[in-house]
Each structure stands twice: as structure tokens, then as C-alpha cells.
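Heads up: the sequence shown begins at 1 in full-length UniProt numbering, then just goes up one per residue.
I should point out that these hints are in silico values taken from the structure, not numbers from a laboratory.
Beta carbons: idealized from backbone N, C-alpha and C, even for Gly.
Keep in mind that the hints are not guaranteed to be accurate.
What the hints assert, rightly or not - Here are the computed distance ranges between Cβ atoms for each label pair:
id, residue 1, residue 2, range
1, R11, G117, 49 to 57 Å
2, E12, D41, 26 to 34 Å
3, P21, D81, 38 to 46 Å
To be verified - Derived lysine to any residue pairs resembling SDA-like cross-links, with alpha carbons at most 20 Å apart:
id, residue 1, residue 2
4, K133, T18
5, K133, R2
6, K111, A124
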Amino acid sequence: MRYHVTLPSGREIPVDVTHLPDGQVQVSVEGRTLAADAFGDGASTHLRLDGRGVELLLEGATPDVGVAANGRRFTARVESDRAREQRSAASAGPAMGEGLVTSPMPGRVLKVLVREGDEVLAGAPLVVVEAMKMENELSAARSGVVKKIYATPGATVESGARLVEVG
């Protein structure tokens, strides 16, 4: 999985983390691939690269992670490709007043929470789509009446697929 680590200086470093079948972890940073050992207690994670060299202590949860490395402490922003896609899809959601709700990314419809003819308020949840093992509750951009339901629970949908229309 690819992560984007933004340092306090604003410099962004792409980091690829690969979990190998034997349980080992590989970390690729700026063209170097290193073996990584990770251990921790849930609140913090110790990461040793190539069995020597840099030892990192990571504290907290994404996106803002406390880092201690080589006697220095700082906070870095860590964001996975998946989190970026979801943030981008959420911010690109339906335009204000637009009544058509579409899938922000490929996924599977888990639940349709309304029926045609239902009155809904802006912000009301309409449908739940599972994408990349995360549930995304999609809401009405405006108040109105549910005119048409295109989504069916269990159906696979593509990015941009029509789900619900509110008029």
C-alpha cells in the first residue's frame, strides 16, 4: 500500500509498504527497499529498518502521527492512497442543490436507506456503499422527495454510477 508522508517542512515522501506472505514487511522509500520489523502495543509502534540503521517510534493515529527518530521528535501527516481517494471523493460530492447521488468510487451497495416517495432533508443518509473494505454512507445534498432509486443492495457499482435521485 502506498502512503504519503508529509514532513513538518512540507516535503512529501511517497512510501510503499508491502506485506509479504512470510509475514515480513518491505518498505520502499525514495528508490530504496528495506526490510522492516514492526512491533508495538497499539498506542505506539517501533519500526526497525534493515535490522539496524533507523529506528522509528510512531505514536498516535493517522493522519497526524508523532515520530521519534534519531533523537528528534516531530509530527508527520501520513495518508494512504485509499484515504486520499475517499477524501477527494467526499469533497467532490454532489454540487449544492444537485439531486443526483452517485457512487464516488467502485464498490458494492450494502443498503438503500430510503424508498421512492420518501421526503428527505439535506444531509439525510440515502445509501451505503462498501468500497475498499470501508462503508461509505452517502447523503442527500438537498431536501426533497426521493424520485428514483437506481441502487440495489448487493449490486456492484462503478465510480459515478447513479444511486438515488432527490427532486
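Taking the hints in turn, this is what the structure says about them:
no.	hint	in the structure
1	R11 - G117: 49 to 57 Å	54 Å, holds
2	E12 - D41: 26 to 34 Å	29 Å, holds
3	P21 - D81: 38 to 46 Å	22 Å, violated
4	K133 - T18	18 Å, holds
5	K133 - R2	16 Å, holds
6	K111 - A124	14 Å, holds
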